[in-house]
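Colleague: Sequence:
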Amino acid sequence: MKKSLIIILFAVLAAVAGFIYFTKDDVVFSKETSLYKAVPVTAPVFVEFESLRVIPTENPIVQELAGLDDFAWLVEKIKETDLTIKGDKEIQNDLAKKPVVLALDFIGEDVLKPLIITELKSANELKGFEKLMEKLLNVPVSAFQARKYDGARIVDVNIEAGKKSMHYCAVDGLLIISPDPILVEKSIRQLSSQNITDNSFFRMVNKTVTGQSEISWYINHTRFPELWANYLNPTTQSEVNEFGQTIKSNLKRAVQGIKTYASWSELDMSFDTDRISLNGITAADDSLNNFLAVFEGQEPVSCQADRILPDNTSFFISFTFANKDLFFQNLEKYFEHSAAYFEREGRLKKVREGLRDESRTRLKALVKDRVVAAITSVSGQAGSSSSLFIISTNSENESRASLDEMLQNYAAGKNIEFATLRSGFKAKDGKTYSVYSFPYPSLPGIWLGKSFGFAEARYVTFWDNNLVFGNSQETLHKYLNDMIDETSLYRNKNYIEFKDYNENRANINAYVNVNRIYGMHSTLFNQNISKSLSENEDLFRKFDALSWQVVCEKKIYFNSINLRYSTRPKTEARASWQSDMGSTIGGKPLIVINHTNKSSNEIIVQTEDNQLHLVAADGKQVWSAPIKGKIMGEIHQIDYYGNGRLQYLFNTSDKLYLLDRNGTNVAKFPILFKSPATNGVGVFDYDNNHKYRFFVACENLKVYAYSHEGSIINGWAFDKTSSIVTTPVQHFRVNNKDYIVFKDKSKIYIQNRQGLTRVDCAARFENSNNPLVLNTDQIAKIVATDQSGKVYYLFFDGKFAEKKTDNFSKNHFFTVDDVNGNGVPDFVFIDGKELIVMDENGKELFSEKLDNTLLPVANLYSFSGRQKKIGVTDAEANQIYLFDSNGKLHDGFPLSGNSEFSIGKLTNAQLNLVVGSSEGSLYNYILE
Numbered sequence: 024m025k026k027s028l029i030i031i032l033f034a035v036l037a038a039v040a041g042f043i044y045f046t047k048d049d050v051v052f053s054k055e056t057s058l059y060k061a062v063p064v065t066a067p068v069f070v071e072f073e074s075l076r077v078i079p080t081e082n083p084i085v086q087e088l089a090g091l092d093d094f095a096w097l098v099e100k101i102k103e104t105d106l107t108i109k110g111d112k113e114i115q116n117d118l119a120k121k122p123v124v125l126a127l128d129f130i131g132e133d134v135l136k137p138l139i140i141t142e143l144k145s146a147n148e149l150k151g152f153e154k155l156m157e158k159l160l161n162v163p164v165s166a167f168q169a170r171k172y173d174g175a176r177i178v179d180v181n182i183e184a185g186k187k188s189m190h191y192c193a194v195d196g197l198l199i200i201s202p203d204p205i206l207v208e209k210s211i212r213q214l215s216s217q218n219i220t221d222n223s224f225f226r227m228v229n230k231t232v233t234g235q236s237e238i239s240w241y242i243n244h245t246r247f248p249e250l251w252a253n254y255l256n257p258t259t260q261s262e263v264n265e266f267g268q269t270i271k272s273n274l275k276r277a278v279q280g281i282k283t284y285a286s287w288s289e290l291d292m293s294f295d296t297d298r299i300s301l302n303g304i305t306a307a308d309d310s311l312n313n314f315l316a317v318f319e320g321q322e323p324v325s326c327q328a329d330r331i332l333p334d335n336t337s338f339f340i341s342f343t344f345a346n347k348d349l350f351f352q353n354l355e356k357y358f359e360h361s362a363a364y365f366e367r368e369g370r371l372k373k374v375r376e377g378l379r380d381e382s383r384t385r386l387k388a389l390v391k392d393r394v395v396a397a398i399t400s401v402s403g404q405a406g407s408s409s410s411l412f413i414i415s416t417n418s419e420n421e422s423r424a425s426l427d428e429m430l431q432n433y434a435a436g437k438n439i440e441f442a443t444l445r446s447g448f449k450a451k452d453g454k455t456y457s458v459y460s461f462p463y464p465s466l467p468g469i470w471l472g473k474s475f476g477f478a479e480a481r482y483v484t485f486w487d488n489n490l491v492f493g494n495s496q497e498t499l500h501k502y503l504n505d506m507i508d509e510t511s512l513y514r515n516k517n518y519i520e521f522k523d524y525n526e527n528r529a530n531i532n533a534y535v536n537v538n539r540i541y542g543m544h545s546t547l548f549n550q551n552i553s554k555s556l557s558e559n560e561d562l563f564r565k566f567d568a569l570s571w572q573v574v575c576e577k578k579i580y581f582n583s584i585n586l587r588y589s590t591r592p593k594t595e596a597r598a599s600w601q602s603d604m605g606s607t608i609g610g611k612p613l614i615v616i617n618h619t620n621k622s623s624n625e626i627i628v629q630t631e632d633n634q635l636h637l638v639a640a641d642g643k644q645v646w647s648a649p650i651k652g653k654i655m656g657e658i659h660q661i662d663y664y665g666n667g668r669l670q671y672l673f674n675t676s677d678k679l680y681l682l683d684r685n686g687t688n689v690a691k692f693p694i695l696f697k698s699p700a701t702n703g704v705g706v707f708d709y710d711n712n713h714k715y716r717f718f719v720a721c722e723n724l725k726v727y728a729y730s731h732e733g734s735i736i737n738g739w740a741f742d743k744t745s746s747i748v749t750t751p752v753q754h755f756r757v758n759n760k761d762y763i764v765f766k767d768k769s770k771i772y773i774q775n776r777q778g779l780t781r782v783d784c785a786a787r788f789e790n791s792n793n794p795l796v797l798n799t800d801q802i803a804k805i806v807a808t809d810q811s812g813k814v815y816y817l818f819f820d821g822k823f824a825e826k827k828t829d830n831f832s833k834n835h836f837f838t839v840d841d842v843n844g845n846g847v848p849d850f851v852f853i854d855g856k857e858l859i860v861m862d863e864n865g866k867e868l869f870s871e872k873l874d875n876t877l878l879p880v881a882n883l884y885s886f887s888g889r890q891k892k893i894g895v896t897d898a899e900a901n902q903i904y905l906f907d908s909n910g911k912l913h914d915g916f917p918l919s920g921n922s923e924f925s926i927g928k929l930t931n932a933q934l935n936l937v938v939g940s941s942e943g944s945l946y947n948y949i950l951e
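Taking this note's numbering, the leading residue of the sequence shown gets 24, the next gets one more, and so forth.
If you are wondering where the hints come from, they were derived from the structure by calculation, not from laboratory data.
It is possible that part of the hints are untrue.
Stated by the list, open to error - Taking CB as the label site, the calculated pair distances span:
#1 296 / 864: 32 to 40 Å
#2 381 / 886: 53 to 61 Å
#3 880 / 347: 52 to 60 Å
The beta-carbon is built from N, C-alpha and C at its ideal position, and this holds for glycine as well.
Using the sequences and the hints given, assemble the complete structure.
Modeller: As structure tokens, this is what we get:
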């Protein structure tokens, strides 16, 4: 919103703020038609406040909106008004609380201005109002200029040396205020002429307003499209349709077509901590040719579109009806009286001639009780989204026979083989599905109207008694696989949470996943709105889902609108593929090199049933191998033979394994340990000559060193630790010296390659369960924490330094890295539900408290330059997060997943993220 509009609205609202907001007692408001009489009949929308006190300024949604610069300015000005009123007893006593109407109307063709209407009962109230104006506008009352207009007295107040102005009039017990004199004059004329209270449909919706209606919105549907048109993209696009006609589309003009949707609506607005709701009724009449009257006589039907739509649905609209014949009878009646009647009939005639069939009759016969149109994947570019059009049918067999007959007729008329219109698609379940080319992609919009005009019916298939049209073969192929995988919108966690707000039965259902469709804002809106949406994306994405339902009951149309708000945007990215692992993933999926094709990497991961899986870049499993026990620590990829062919090295508590790319044991591996292992294997190649050394700590307190061949090295002289070692043995090379480093509960061991002590560390503390970290920022050192989270720098001369941090639980996770790229170490902690990042002096860089206890590990990823991002997992919520050094989420996060995740390239094309999910699948996301 532009600041000039904010300033205008503030000046108008501040003028009546003393009436309604900053006083102590509540007022019961009885609806006054006199307020409505002054509302211009041309106003597309107005809102009535019981008092401005009903605006919940402490509500988290309102406070969130205060994060917008212009809105914050308005809040500050309201506080200034509060101080002005409280500081002047005369103003506070003279002004009473009053109901207020705020109307928006046009000056000229597209200049929208506000108009305030409230009650004014006495000269004292007028005097108090003028004193408030004087103080707020910093203009003396003596400078107010009065003039006569149509028997009334209008007062003009110039502000900021005439750059802005305010105008008001006290007439017939009303106070009328606007920043534009034309609106004040228009309102005065309205009082003595026909007004909205003379409209029977306005009176109908107004009757439903109760004493509990604190904020009521009124929509004049014949004018409302003009309001919308101001904000939509005015660009005109041209395309040639299937009939050879050049069709020009323009959103700003197209929205004018909804003028006939209905007559008037009244919606009561309420705020909760997690949503804004609008509920009320709409008045429509078939004699005025209102589209909503098409549903007259219908009973609401169970809303089940979500069961037949994929979980990546960005938007859908559905019509449901209990009486199919009555619905289509009313639909045809509506079109008979519409301006588009002859155009529609002409196109339906061409469809009828092409299919050699009465297409309307045939299609109506196919329908059971529901038609649905949806947008699924969105790229943000016009014309590049995927769309679906779905008809619920009574019988798939009968519908298939009917479709075959229509398409056979078409093929005969075009003198082509029917078989050329059909292709087979082998889906994930091994079945082959018929996908037909359909010759009339604009059929949904022609048949059902502009609400379905975005759906392109270029191809068609069947699924579970539904006739499913798509804009491409790929769209339908993906749809079929999604349905087979049961990845429907109905099962989407975010949607399930949101659906609780909605009615179970309705006649019109519309749903928008704001975050999925957000990328289309430049296509949908004009430049100014699109720019604002881009600049404030983090804020607006918190309003992540919108639903609108209409329920018809005895010629009354009930509306339910819900806009969900979340403190953390629930942005979703669609996995480019998912692979069913058969069991929950038990560790971190690793992206590994495919030495047979280095342009196509692979993924290796173990599941909870102890199966080890190698997965190709396209999600297909290369092999699965049973492993006797859970893998401890990491899976290492090594070149055992030094020939460029890579193997996988890892250990369980019993054995050290080495598998080749086919999942087969290599050499004399696996090696049986002398005692059960207590940590993951450490792998060192001292001289980069593929002569590896393997280190494992065991329950007998010994740390074993194994040769390349898997034999215990006799030259390793280390005896025993004081307690068990749970983190990997590590190799650090500093100043050309090798250090073999490990720790138990109370001591850190810094040895040489023979196992002898190289550095005797002077620090004595009880170690945490976190691995030791080598940090070379500024000066080389080993970094560790004690049980309380205190950080120790352990230098290679035996000295140490303590770093003060917050107190943490003994189960905290810790690592150190230069997160923000300034050359200084930063500390990363996870403790329970919280991620905390601070610099080495204990100054917090950011912290994030999530809903559930996090997995006790944070992974750091380098994206560009020296900046790193931090990945954490909320396994209970099946969500993963990726934060930058300022605590900002990476675009598209959180994503679905419940394991640690790896980020890298599976192919040369893009950056991938692989993660396990709660249902036992491996997800691959593409990161921007």
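Colleague: For each hint, tell me whether it holds in the structure or not.
Modeller: Each hint tested on the structure:
One distance hint, 32 to 40 Å for the beta-carbon pair residue 296 and residue 864, holds here, with the actual separation near 37 Å. For residue 381 paired with residue 886, a C-beta distance near 59 Å keeps the hint of 53 to 61 Å intact. For the pair residue 880 and residue 347, the beta carbons lie near 56 Å from each other, so the given range of 52 to 60 Å is met.
Checked against the numbered hints above, the structure violates none of them.
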